[in-house]
Amino acid sequence: GQQLNQSPQSMFIQEGEDVSMNCTSSSIFNTWLWYKQDPGEGPVLLIALYKAGELTSNGRLTAQFGITRKDSFLNISASIPSDVGIYFCAGVYYGGSQGNLIFGKGTKLSVKP
Amino acid sequence: DTGVSQDPRHKITKRGQNVTFRCDPISEHNRLYWYRQTLGQGPEFLTYFQNEAQLEKSRLLSDRFSAERPKGSFSTLEIQRTEQGDSAMYLCASSFTMNTEAFFGQGTRLTVV
Chain A
1 GQQLNQSPQS MFIQEGEDVS MNCTSSSIFN TWLWYKQDPG EGPVLLIALY
51 KAGELTSNGR LTAQFGITRK DSFLNISASI PSDVGIYFCA GVYYGGSQGN
101 LIFGKGTKLS VKP
Chain B
1001 DTGVSQDPRH KITKRGQNVT FRCDPISEHN RLYWYRQTLG QGPEFLTYFQ
1051 NEAQLEKSRL LSDRFSAERP KGSFSTLEIQ RTEQGDSAMY LCASSFTMNT
1101 EAFFGQGTRL TVV
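Chains as they are written, first to last, in the working numbering: chain A, 1 to 113; chain B, 1001 to 1113.
Simulated from the structure, these hints should not be mistaken for laboratory data.
Facing chain A, according to a computed beta carbon distance under 8 Å, are these residues of chain B, among others:
(1) Tyr1033
(2) Asn1099
(3) Ala1102
Predicted model, so just to flag it, every value in this text is computed and none were measured. Note that beta-carbon positions come from the ideal geometry of N, C-alpha and C, so glycine has one too.
Kindly generate the complete structure, drawing on both the sequences and the hints.
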């Protein structure tokens, strides 16, 4: 089935630094979603992308839907301690199994004050 | 609307017992998804519903797992004869249509002892 490759697996950065993570697949997706998850909680939706090439911002977060529809990236500018958590990409595609919404394995972000 | 609600938040059960989890999606959301998440991994798809129809269940982990959404509103996930390997976070998400944002509940943490 479809798989999403998310990288990096983990990042240790200094407060104030910018962060970039991405998600790639060999399959085409119709929608890309980015989530953040804190320990013991469900994922919280950060950004949704619907069109190839689309660039969307949410505060310090910016995400893009790749032109090929096979990738997406998320940038966080000027990181702060509360950005700590695990970030997941998720892709929606038409057809196939898995309910059309599948997840990457996550990027764990640690921020040093 | 208060978002996706899951109950209970935590469940400790003895091996061999049956457990049932409930998910109340955002009202008017037609799609409802169940995922399992183990430590350090992304959400793993289990099954999904479009209204009351269960459109994909081949990903349920074994025949001990079953899900229902009898009236197209809330859903239940049942695990029969629990095993220690069933210990995980069980997440529910809902969306309005196939290609719109999916919102998650806070999850049910299952511990099988």
